[in-house]
Amino acid sequence: MSGLRGKIAIVGIGEVPTGRFPDTAAIYHGIESAKLAIRDAGITKDQIDYVMPTAALYSPPFNTELVTCRIVEELGLKHCKKNCQVFAGGASGSCGLQMAGALIATGAAAYVLYVHADRLGTGVSAQGGIDLFSTAGISAEWEVPYGQHYSAIAALTTTRYKYETGCKDEQLASVCVSNRKWAALNPNAFFRKPLTIEEVMASKMLSTPLRAKMSNMLFDGGSAFVVTSAERAKDLPNKPVYVLGEGGLVTHFVFSQEPDLCRFGWAEAARQAFEEAGLTPKEIDVAEIYDSYPVYQLIGFEELGLCERGEGGGIFLRGETWPGGRLPCTTDGGMLSKGHIGAGGGVSLLVEAARQLMGKAGARQVPNATFAVETGTGGTYMDAQVTILGTEIP
Amino acid sequence: MEMPKKPVPIVNPWARPFWEAARKGQLVIQRCQDCKKHIFYPRICCPHCFSDRVEWVEASGKGRIYSYTVVENNAPSAFIRDMPYVIAIVKLEEGVQMLTNIVGCDPHQVRCEMPVQVTFEKLDEEFTLPKFRPSIG
Numbered sequence: 001m002s003g004l005r006g007k008i009a010i011v012g013i014g015e016v017p018t019g020r021f022p023d024t025a026a027i028y029h030g031i032e033s034a035k036l037a038i039r040d041a042g043i044t045k046d047q048i049d050y051v052m053p054t055a056a057l058y059s060p061p062f063n064t065e066l067v068t069c070r071i072v073e074e075l076g077l078k079h080c081k082k083n084c085q086v087f088a089g090g091a092s093g094s095c096g097l098q099m100a101g102a103l104i105a106t107g108a109a110a111y112v113l114y115v116h117a118d119r120l121g122t123g124v125s126a127q128g129g130i131d132l133f134s135t136a137g138i139s140a141e142w143e144v145p146y147g148q149h150y151s152a153i154a155a156l157t158t159t160r161y162k163y164e165t166g167c168k169d170e171q172l173a174s175v176c177v178s179n180r181k182w183a184a185l186n187p188n189a190f191f192r193k194p195l196t197i198e199e200v201m202a203s204k205m206l207s208t209p210l211r212a213k214m215s216n217m218l219f220d221g222g223s224a225f226v227v228t229s230a231e232r233a234k235d236l237p238n239k240p241v242y243v244l245g246e247g248g249l250v251t252h253f254v255f256s257q258e259p260d261l262c263r264f265g266w267a268e269a270a271r272q273a274f275e276e277a278g279l280t281p282k283e284i285d286v287a288e289i290y291d292s293y294p295v296y297q298l299i300g301f302e303e304l305g306l307c308e309r310g311e312g313g314g315i316f317l318r319g320e321t322w323p324g325g326r327l328p329c330t331t332d333g334g335m336l337s338k339g340h341i342g343a344g345g346g347v348s349l350l351v352e353a354a355r356q357l358m359g360k361a362g363a364r365q366v367p368n369a370t371f372a373v374e375t376g377t378g379g380t381y382m383d384a385q386v387t388i389l390g391t392e393i394p
Numbered sequence: 001m002e003m004p005k006k007p008v009p010i011v012n013p014w015a016r017p018f019w020e021a022a023r024k025g026q027l028v029i030q031r032c033q034d035c036k037k038h039i040f041y042p043r044i045c046c047p048h049c050f051s052d053r054v055e056w057v058e059a060s061g062k063g064r065i066y067s068y069t070v071v072e073n074n075a076p077s078a079f080i081r082d083m084p085y086v087i088a089i090v091k092l093e094e095g096v097q098m099l100t101n102i103v104g105c106d107p108h109q110v111r112c113e114m115p116v117q118v119t120f121e122k123l124d125e126e127f128t129l130p131k132f133r134p135s136i137g
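Protein chains in written order, with the numbering used here: chain Y, 1 to 394; chain V, 1 to 137.
It is worth saying that the hints were derived from the structure and are not from the lab.
These numbers come from a predicted model, not from an experiment.
Any given hint could turn out to be false.
[To be verified] If you only want the chain Y side, here are some residues facing chain V, beta carbon under 8 Å, derived: (1) S134; (2) G137; (3) Q148; (4) T159; (5) M205.
Where is the CB? At the ideal position from N, CA and C, for every residue including glycine.
Model the full assembly from the supplied sequences, consistent with the hints where possible.
Structure, rendered in structure tokens:
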């Protein structure tokens, strides 16, 4: 429950392509995304009075630059009162939107710029990425000594999810296929060639039953959005994307302490968000579900109430989530096909939800999209964050 | 290529009794003297009822596999030579869950809900890790 229902809106969005850009400084992804978002909002740069750069993981010195106001200076924001980092791993976008909204609703800020930039594709080596994600967010006392890492974490969820629901590997692979169909329509996505279930199933086994093409890959990239009050949003060029409802639940720090390895806190977070929005899952036009691995997209989809538990695999396999399908899901291609850019994986999904509702999604535009649900989760799926957005206040 | 050394647990002071017991081949967990619930990993106060009265007790060492995976590729550097190895979450009879490795069997024979019992593997002079193997009989 955010208390923000209909009070605040996303009014501008910006994003740079996701990919490998060895000659591009990480800060560029942030400055360019922020510039695009401010211009898209139809405001002047000096109207931004609060900047929230989320954290970058590839290099502590780069993150320090974000903390010490480099974005503000590079863009020449003359009336920026505060530059303050808001970071919750993959839930950063969801949490940042709520914090920005709360500041706006109380009058502490007028126009908040939320921005992400990172360089996990070219800033770290492939093995360096594996090693980073065998320690970041993983308990140094209780899990690192056992060889824990993020593929294994996703595999632990997948094993149990298959055991409880009877989900088949082909159904998990179909989530990757669905996201790829959307990515093919997204010029900012890295993987755009068609993908088949057979190709996913033939890819290298990482941690059983998780295969290489069921795994996200790390890239460079960035995105940004501008938030203001619903009042101010009325006079701006974009269709305002109102926050209608929000819900969240933190369920663990150490992964093995998660009480329900294949449900997490999604049902409770969704209950709060839908209740505040005054909507039901049936009224959602587009779902941007956090997809670092296919099992998490299925669990999110099901626990939000978009279908019954255990039915998600069949829905993705039948193409109901594909372009032109009944319930479009993760329409920018997500981390599985657009590419994982760190905390920005979640920021991108929020930006995509706003883009769809503004009617600016180009070839992948979902017709007449009025209500969207977006999810974010950080660390080892430590929390469940659900945001409902809409261009109408029901 | 020289393999990096295995990471050792970064120990919180209040968890030291756990690691001292493991070195002697014992699995100990905490129990709350007020709400009587078992606690893992070690805390400074009970995560159930917030009491400060937590004590150490020896665990049965028996449990079931909640979930597991066989790591076949893309392991962290220090674990590359161990592949294939099994990572599992074991739920002990006392109700607590812990991450571990399953040893002493073919990795591909491991299943959800398989009964397991604790065994100990020496990491170095200071640390011994509790691991689990399939229960006999």
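Hints, one by one, checked against the model:
no.: 1; hint: S134; verdict: holds (4 Å)
no.: 2; hint: G137; verdict: violated (14 Å)
no.: 3; hint: Q148; verdict: holds (6 Å)
no.: 4; hint: T159; verdict: holds (5 Å)
no.: 5; hint: M205; verdict: holds (5 Å)
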